[in-house]
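Trainee: Take a look at the letters that make up each chain.
Protein chains: 2
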Amino acid sequence: MPQLNRQILLVSRPKGPASVDNFRLVETPLAPLADGEVRVRNHYLSLDPYMRGRMNDAKSYAVPQPLNEVMIGGTVGEVVESRNASFAVGDHVVGTLGWQEFGTSDGVGLRKVDAANVPLSAYLGAVGMPGVTAWYGLNRIIAPQAGQTVVVSAASGAVGGVVGQLAKLAGCRAVGIAGGDEKCRYVTDTLGFDACVDYKAGNLWRDLKAATPDGVDGYFENVGGDMLDATLDRMNEFGRIALCGMIAGYDGEPVPLKQPALILRQRLLVQGFIVTEHLDLWPQALAELGGLVAQKKLIYRETIAQGLENAPEAFLGLLKGRNFGKQLVKLI
Amino acid sequence: MPQLNRQILLVSRPKGPASVDNFRLVETPLAPLADGEVRVRNHYLSLDPYMRGRMNDAKSYAVPQPLNEVMIGGTVGEVVESRNASFAVGDHVVGTLGWQEFGTSDGVGLRKVDAANVPLSAYLGAVGMPGVTAWYGLNRIIAPQAGQTVVVSAASGAVGGVVGQLAKLAGCRAVGIAGGDEKCRYVTDTLGFDACVDYKAGNLWRDLKAATPDGVDGYFENVGGDMLDATLDRMNEFGRIALCGMIAGYDGEPVPLKQPALILRQRLLVQGFIVTEHLDLWPQALAELGGLVAQKKLIYRETIAQGLENAPEAFLGLLKGRNFGKQLVKLI
Numbered sequence: 001m002p003q004l005n006r007q008i009l010l011v012s013r014p015k016g017p018a019s020v021d022n023f024r025l026v027e028t029p030l031a032p033l034a035d036g037e038v039r040v041r042n043h044y045l046s047l048d049p050y051m052r053g054r055m056n057d058a059k060s061y062a063v064p065q066p067l068n069e070v071m072i073g074g075t076v077g078e079v080v081e082s083r084n085a086s087f088a089v090g091d092h093v094v095g096t097l098g099w100q101e102f103g104t105s106d107g108v109g110l111r112k113v114d115a116a117n118v119p120l121s122a123y124l125g126a127v128g129m130p131g132v133t134a135w136y137g138l139n140r141i142i143a144p145q146a147g148q149t150v151v152v153s154a155a156s157g158a159v160g161g162v163v164g165q166l167a168k169l170a171g172c173r174a175v176g177i178a179g180g181d182e183k184c185r186y187v188t189d190t191l192g193f194d195a196c197v198d199y200k201a202g203n204l205w206r207d208l209k210a211a212t213p214d215g216v217d218g219y220f221e222n223v224g225g226d227m228l229d230a231t232l233d234r235m236n237e238f239g240r241i242a243l244c245g246m247i248a249g250y251d252g253e254p255v256p257l258k259q260p261a262l263i264l265r266q267r268l269l270v271q272g273f274i275v276t277e278h279l280d281l282w283p284q285a286l287a288e289l290g291g292l293v294a295q296k297k298l299i300y301r302e303t304i305a306q307g308l309e310n311a312p313e314a315f316l317g318l319l320k321g322r323n324f325g326k327q328l329v330k331l332i
Numbered sequence: 001m002p003q004l005n006r007q008i009l010l011v012s013r014p015k016g017p018a019s020v021d022n023f024r025l026v027e028t029p030l031a032p033l034a035d036g037e038v039r040v041r042n043h044y045l046s047l048d049p050y051m052r053g054r055m056n057d058a059k060s061y062a063v064p065q066p067l068n069e070v071m072i073g074g075t076v077g078e079v080v081e082s083r084n085a086s087f088a089v090g091d092h093v094v095g096t097l098g099w100q101e102f103g104t105s106d107g108v109g110l111r112k113v114d115a116a117n118v119p120l121s122a123y124l125g126a127v128g129m130p131g132v133t134a135w136y137g138l139n140r141i142i143a144p145q146a147g148q149t150v151v152v153s154a155a156s157g158a159v160g161g162v163v164g165q166l167a168k169l170a171g172c173r174a175v176g177i178a179g180g181d182e183k184c185r186y187v188t189d190t191l192g193f194d195a196c197v198d199y200k201a202g203n204l205w206r207d208l209k210a211a212t213p214d215g216v217d218g219y220f221e222n223v224g225g226d227m228l229d230a231t232l233d234r235m236n237e238f239g240r241i242a243l244c245g246m247i248a249g250y251d252g253e254p255v256p257l258k259q260p261a262l263i264l265r266q267r268l269l270v271q272g273f274i275v276t277e278h279l280d281l282w283p284q285a286l287a288e289l290g291g292l293v294a295q296k297k298l299i300y301r302e303t304i305a306q307g308l309e310n311a312p313e314a315f316l317g318l319l320k321g322r323n324f325g326k327q328l329v330k331l332i
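Line order of the protein sequences matches chains A and B.
Take the first sequence: its position 237, counting from 1, is numbered 237 in the UniProt record's numbering, and each next residue is one higher.
Take the second sequence: its position 7, counting from 1, is numbered 7 in the UniProt record's numbering, and each next residue is one higher.
Treat each hint with caution, since some may be false.
Note that identical chains are pooled: a pair holds if it fits in a single copy or bridges any two copies.
Claimed, not checked - Straight-line alpha carbon distances no greater than 30 Å define the calculated BS3-like cross-link-like pairs of lysine-lysine that follow: (1) Lys15 / Lys200; (2) Lys112 / Lys258; (3) Lys258 / Lys320; (4) Lys15 / Lys209; (5) Lys258 / Lys330; (6) Lys297 / Lys15; (7) Lys168 / Lys15; (8) Lys258 / Lys15; (9) Lys330 / Lys112; (10) Lys258 / Lys200; (11) Lys209 / Lys258; (12) Lys112 / Lys200; (13) Lys168 / Lys297; (14) Lys15 / Lys296; (15) Lys258 / Lys296; (16) Lys320 / Lys168; (17) Lys209 / Lys330; (18) Lys112 / Lys320.
Don't read these hints as lab results, they were simulated from the structure.
Nothing here was measured: the structure is a model prediction, and the numbers come from that model.
All chains, full assembly: derive it from the sequences and hints.
Mentor: If you want it as structure tokens, here you go:
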């Protein structure tokens with residue numbers, strides 16, 4: 001067994017855009033396990049936009065990430081040592097063990113998963129938090145009916161891709177918004193969306209209008225800013241907007257909403273949510289998503305950075321949209 | 001019987017602020033009643049902010065008010081002639097007969113009311129559309145629990161006054177926003193709100209914070225603009241915002257929302273509504289409101305302009321907040 005753990009700490013809070021200087025890689029001796037504890041060798045670390053919010057010391061979903069502690073993050077790995085009767089060496093587990101190679105846990109929040117029918121990394125994506133996020137916002141807030149139009153931003157991402165595929169399975173017209181021709185082609189040709197608007201092409205409002213000839217009934221928002229303004233302008237009466245991410249405002253000044261009066265004029269429902277506050281629905285969602293992945297009815301793409309030391313740079317790239325599909329860090 | 005009806009038509013659409021020039025008073029001969037029709041002498045005309053939206057030829061709640069036709073508006077009056085078996089001369093009726101002294105109706109949308117226990121004008125206010133608007137937004141969107149804080153803008157108005165009084169009856173802390181010291185004193189001393197913030201005093205954000213020490217759980221929005229920004233900044237997690245009016249944006253350019261990301265960060269629900277789309281709930285709401293008015297548990301104030309010819313000026317005053325309580329025009 002190795003004696004040292006490698007970890008990445010948050011050592012300062014961003015003023016403006018986040019940078020690699022906000023993080024530090026440290027080596028820490030591995031302490032012996034206490035009774036009831038389990039040691040996990042993390043195979044994959046999940047990088048997610050919500051982490052940017054945790055870096056601020058301000059009103060956010062939850063308490064801020066403390067300074068000089070291991071960055072929070074979802075992980076999937078293998079039990080390598082156990083003093084907990086519920087976990088055996090060799091078990092594959094999903095948890096929130098953070099940006100480090102080895103995680104120690106008392107077992108709370110650790111979930112054993114089947115690595116035979118679903119690839120291990122999928123438990124951080126389509127069959128993990130991103131998938132459940134898509135499932136919740138689509139089914140519980142947007143609640144689309146067959147024939148309606150559902151739009152999702154960051155459509156080639158881990159959440160957005162699932163939103164559109166679930167919308168298609170529900171009989172909807174699925175329209176994505178993504179950055180660049182390559183991502184848009186992936187969204188339509190591989191994921192099967194009906195249309196995808198390339199926001200980097202510079203004609204977001206015009207192109208979105210063309211892609212939504214019958215207006216928009218449901219919008220799943222991962223980005224905010226101009227995309228929210230443009231889609232709000234296309235909303236049909238009684239439309240629903242699930243606010244899942246407002247990444248456009250994570251760095252620096254708040255990004256205003258241009259036409260809030262449309263929420264009234266179109267009698268819209270706008271609801272913010274965070275999926276970890278709806279844990280009661282996770283078993284149902286994960287069962288559905290796992291089944292769809294195993295049947296190849298739900299597909300996804302991953303961008304994998306190699307090695308813990310590359311996590312900060314990969315995370316900053318994620319915030320800038322450089323990833324293509326679910327952003328992971330492979331740790332082993 | 002008089003031979004002439006006096007009516008006010010919309011003759012042009014505002015470019016920027018509405019003005020009296022958008023209206024014209026005309027005299028029109030009264031046509032004989034057809035079979036099934038009823039003639040009503042209107043006693044009161046209701047003036048309401050939604051009318052400003054109807055003056056535009058743009059996306060709004062409903063079809064725009066057609067040019068060169070009688071302005072739409074709620075009325076209460078007395079049947080003076082009837083060829084409809086459901087209505088007798090002397091019946092008091094509420095309807096939407098518009099800005100005119102005499103209205104002719106086939107009876108659809110006309111509702112007989114009891115003028116003995118409730119003053120006739122109240123059917124245009126606390127026991128009419130404004131009251132039901134307050135009831136719906138508070139009970140069906142905000143759904144406050146005892147001990148929570150409910151804020152309402154335009155608190156001395158026909159809708160806002162009812163919102164706060166119903167919130168108090170539900171065991172909440174009720175905080176109003178109103179313009180000027182006199183209106184604020186009325187809101188606290190007469191209507192019984194716990195606090196009222198005078199937005200004209202120039203310290204809206206600071207004063208609202210002081211008036212809501214435990215944050216805000218429900219916000220009933222009649223105004224928009226700075227009030228929405230300020231209250232959004234005070235919302236507690238899982239708060240609800242009922243969007244009923246965005247009067248701040250009726251004239252001219254859209255007013256942006258400064259910090260839409262707070263909807264996500266606080267996991268808020270924001271819902272626009274228009275009460276005439278929920279007619280199924282009117283009987284229940286009107287019964288409750290009528291009972292409260294008859295028992296003097298729900299009080300209200302009226303600003304009454306005299307004579308149809310003064311309706312346009314009174315309407316413009318309403319848009320500028322010059323009224324104090326429900327704005328009516330007395331026609332007889």
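Trainee: State for each hint whether it applies.
Mentor: The hints, checked one at a time:
no.	hint	verdict
1	Lys15 / Lys200	within (26 Å within a copy, 35 Å between copies)
2	Lys112 / Lys258	neither (46 Å within a copy, 44 Å between copies)
3	Lys258 / Lys320	both (23 Å within a copy, 23 Å between copies)
4	Lys15 / Lys209	between (36 Å within a copy, 26 Å between copies)
5	Lys258 / Lys330	neither (41 Å within a copy, 39 Å between copies)
6	Lys297 / Lys15	neither (43 Å within a copy, 53 Å between copies)
7	Lys168 / Lys15	neither (41 Å within a copy, 43 Å between copies)
8	Lys258 / Lys15	both (25 Å within a copy, 20 Å between copies)
9	Lys330 / Lys112	within (19 Å within a copy, 73 Å between copies)
10	Lys258 / Lys200	both (20 Å within a copy, 24 Å between copies)
11	Lys209 / Lys258	both (17 Å within a copy, 25 Å between copies)
12	Lys112 / Lys200	neither (41 Å within a copy, 60 Å between copies)
13	Lys168 / Lys297	within (11 Å within a copy, 53 Å between copies)
14	Lys15 / Lys296	neither (43 Å within a copy, 56 Å between copies)
15	Lys258 / Lys296	neither (40 Å within a copy, 43 Å between copies)
16	Lys320 / Lys168	within (28 Å within a copy, 48 Å between copies)
17	Lys209 / Lys330	neither (40 Å within a copy, 47 Å between copies)
18	Lys112 / Lys320	neither (33 Å within a copy, 63 Å between copies)
Checked against the numbered hints listed earlier, the structure breaks hints 2, 5, 6, 7, 12, 14, 15, 17 and 18; every other hint is satisfied.
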